[in-house]
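Asks: Those protein sequence lines, which keep their order, are chains A and B.
Here the numbering used here is used: the first residue of the first sequence is 1, the next is one more, and so on.
Here the numbering used here is used: the first residue of the second sequence is 1, the next is one more, and so on.
Derived by calculation from the structure, the hints in this document are not laboratory data.
Heads up, a few of these hints could be off.
Repeated chains share a single entry, so a pair holds when one copy, or any two copies, can fit it.
Said to hold, decoys possible - No more than 20 Å apart at the CA atoms, straight line, and that leaves these computed lysine to any residue pairs for SDA-like:
id : residue 1 : residue 2
1  : Lys91     : Pro59
2  : Lys220    : Met1
3  : Lys404    : Asn369
4  : Lys404    : Asp271
5  : Lys350    : Thr187
6  : Lys119    : His143
7  : Lys165    : Arg394
8  : Lys235    : Asp246
What follows is the residue order along each chain.
There are 2 protein chains.
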Amino acid sequence: MGLYVQKYGGSSVADAVCMRRVARRIRDTQAAGNQVVVVVSAMGDTTDELIALAKQVNPEPNEREMDSLMATGEMASSAILTMALHALGVKAISMTGHQAGIRVDGTHLKAKIQTIDPKRIRRHLNQGYVVVVAGFQGTNPRHDIATLGRGGSDTTAVALAAALKADRCQILKDVDGVFTANPRVVTGAHKLTAITYDEMLELASCGAEVLQSRAVEFAKNYGVVLEVVSSFHRKPGTLVQEETKDMEKIIIRGIAADKNQAKATLLGVPDTPGVAARIFKACAGANVNVDMIVQNVSAEGITDISFTVPKDELARTKRAIEPLVKQVRASGLHYDEDIAKVSLVGVGMKSHSGVAFKMFDELARNKINIEMISTSEIKISVAIRAKHADRAVRVLHRAFGMDKGKAKAKPAAKKAPAKKSAAKKTTPKKAPAKKAAAKTE
Amino acid sequence: MGLYVQKYGGSSVADAVCMRRVARRIRDTQAAGNQVVVVVSAMGDTTDELIALAKQVNPEPNEREMDSLMATGEMASSAILTMALHALGVKAISMTGHQAGIRVDGTHLKAKIQTIDPKRIRRHLNQGYVVVVAGFQGTNPRHDIATLGRGGSDTTAVALAAALKADRCQILKDVDGVFTANPRVVTGAHKLTAITYDEMLELASCGAEVLQSRAVEFAKNYGVVLEVVSSFHRKPGTLVQEETKDMEKIIIRGIAADKNQAKATLLGVPDTPGVAARIFKACAGANVNVDMIVQNVSAEGITDISFTVPKDELARTKRAIEPLVKQVRASGLHYDEDIAKVSLVGVGMKSHSGVAFKMFDELARNKINIEMISTSEIKISVAIRAKHADRAVRVLHRAFGMDKGKAKAKPAAKKAPAKKSAAKKTTPKKAPAKKAAAKTE
């Protein structure tokens, strides 16, 4: 008995057969005595098809019009799913983002939810309806439709769960939950029963595609209990929740590899104050998300500044940085799209030292060269050659005792001094000095 | 210089190439110094595809959900067309029916426009924008999307033209205008320069598919000057307007054939008062549009009652009528789907007699049997075997001097007593007594 928000992604509702399967699951959730709000993505590849169509008439389509266009995908799928529920005898009603009371800010293509007025949803829930909400969209103060960006339906679901004080927000996916590593890469990877919001956030920003960061942040801020479950069977999934005492016992919760990285290097920059600031101000102005930053000063006061950005932001980065080469008197500019970021994530790191050393050691013993490093309180990331990424994940997964069937890693020394954490992203730093190695069985 | 409303149908915007062509025409209309509001249908077969998808999950989809689903087709095409305009450097903005201020009543699938608040459209027009409105839809008092029924985009265009006091409402189609008869059937058929609202209404309800009756009624009620023009070239089309003195000189404006007719006959009904009323009350209750009605009383006080309905309403008609067979003590019930209605339409009929005689005479001489007749002030319709329909149209087109290159028909006697007209539809009557034949050259 409770109020469930269930979010179904595009592949779960790709065609009529999928729609009917999803409808049966929703029916059963309601029949078990729950109220159900459903958030649905566009069917299958609809969004991509709409984007392709737009590009046929205009290579740089206007953002407001793109939003109006793309939002139709979710509107259509919410209506179809509602019809499928009716076919099962379930009382159901579809709602656009607007009808669901979702108000967003004025930014097109990546709007942020400002308020949700759940009155109409509540009224229909109380009348026994399943309410099927078109994900990914809301109305802005100009009465225009704005979308929340890729994966925005996850955010819609979490925001609705928060507004409705739902007991649980289930994200139904074509995977069984959150895994210790990508099971397509690591045969020993296994599903996690639970993960903390912070760990999930780190994994999401490190290339794990299971949940959108914004949705997890939203869940964390409003204490929404998230569950990632399979849309294909009905086994329990992975709970994303507040940290509990037990959860710290596991040092590494998950390992992620992000191959969507590119590195830019400004060569031979005279090491004067303010140079880095100018570079990263230009990046920020171009809406580029800089991730890792490394700066090495040589004896001659000449430095190379390297940083990573998502591959699809490299063109923007080039436009932003190239005019600066002369200004900062750099000797050149170099790009590298052949890198990957591999990250270890776990709240247990906060109280266990030696993780970084063990990671670097394992990679070195496997002849994988580390090019950049960045860390947070619960994460260590390294940039390596892209071709080594999968092997690195496998090696680390085994080394930290995470392979299926193996016992969990135990720390060598409890309550070692907490690793000094650097703020996530845009943090120029060297390898953190870790002395004690975490022992694994 | 003026304010134009242009409506483009689905086949005019079927793909990116079509969209770009339409965009160029809109640009040129604006460049000629006009303000332009565009109403657009869903691209190509989108609406049919959405309906087919809905039927896959539910054979009898809920009407509210169908409206939400179908409305997405026009939303998408309005955004795409707007992007195509941007690509030409034209300032343009898309609007959903809701954003365009179109409020409709609560009837789903065939909503009626109640009010239009054109404030937002006007504001953007004054700022130099082309405003592209999603046709076929509006918001009802429950804040739900409701559609206007098939061809509803024509109605949207006319209603917007009325609300904006536009100088002209152009309906762009894949035909050159309104023809004297279907040019695919009659080689001598030619495009009309102008036609009255009433003639257009009669032709539309007699099977000419060029314009929707509701749109024409709306135009008539609000004095909107309509123009049917080709979307493929830029020659003048056909003006649909108030009757002018000149227009009465043409006796027959057009000939239409409607093959979407079915006939139902109640056999051997005792001729007691109220029987017809019961039958047609049942039809009205089942939302069946009865067209022609014929009742023949025999000497024995036994009558056969026949009436025609659109073919796709025959199933509903059967459900409504079959329970009545016993109640009115009819001896049987007979259906005939093999009929067609052929109609002559022209405001000139009002002042010229002999049209009916000439029509019946021509058909008889060509061995085409007339099964039913109905008339209005400016129309004569006959029901005949479906297989004769095309031939009947050709014969009549020639007989009334309408073939291309021929001189117009001249009346034999001016100001002959006006034909007594019967109300259109549901009017049981025999052949109108016409004495004088209209002479043609």
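Asks: Using 20 Å as the alpha-carbon threshold, which applies to Lys404 and Asp271: within, between, both, or neither?
Replies: For Lys404 and Asp271, neither the intra-copy (49 Å) nor the inter-copy (88 Å) Cα distance is at most 20 Å.
Asks: Up to 20 Å between alpha-carbons, please classify Lys119 paired with His143: within, between, both or neither.
Replies: Result: close both inside a copy and across copies, 19 Å intra and 13 Å inter.
Asks: For the identical chains here, do Lys235 and Asp246 meet the 20 Å Cα criterion within one copy, between copies, both, or neither?
Replies: Result: close neither inside a copy nor across copies, 23 Å intra and 79 Å inter.
Asks: Taking 20 Å as the upper bound on the Cα-Cα distance, should Lys350 and Thr187 be classified as within, between, both, or neither?
Replies: neither (28 Å within a copy, 87 Å between copies)
Asks: Within a copy, between copies, both or neither: where do Lys91 and Pro59 come within 20 Å Cα-Cα?
Replies: between (43 Å within a copy, 16 Å between copies)
Asks: Give the relationship of Lys404 and Asn369 under a CA distance limit of 20 Å: within one copy only, between copies only, both, or neither.
Replies: neither (27 Å within a copy, 86 Å between copies)
Asks: For the identical chains here, do Lys165 and Arg394 meet the 20 Å Cα criterion within one copy, between copies, both, or neither?
Replies: neither (40 Å within a copy, 71 Å between copies)
Asks: Checking Lys220 and Met1: alpha-carbon separation at most 20 Å within a copy, between copies, both or neither?
Replies: neither (23 Å within a copy, 59 Å between copies)
The earlier numbered hints that this structure contradicts are 2, 3, 4, 5, 7, 8.
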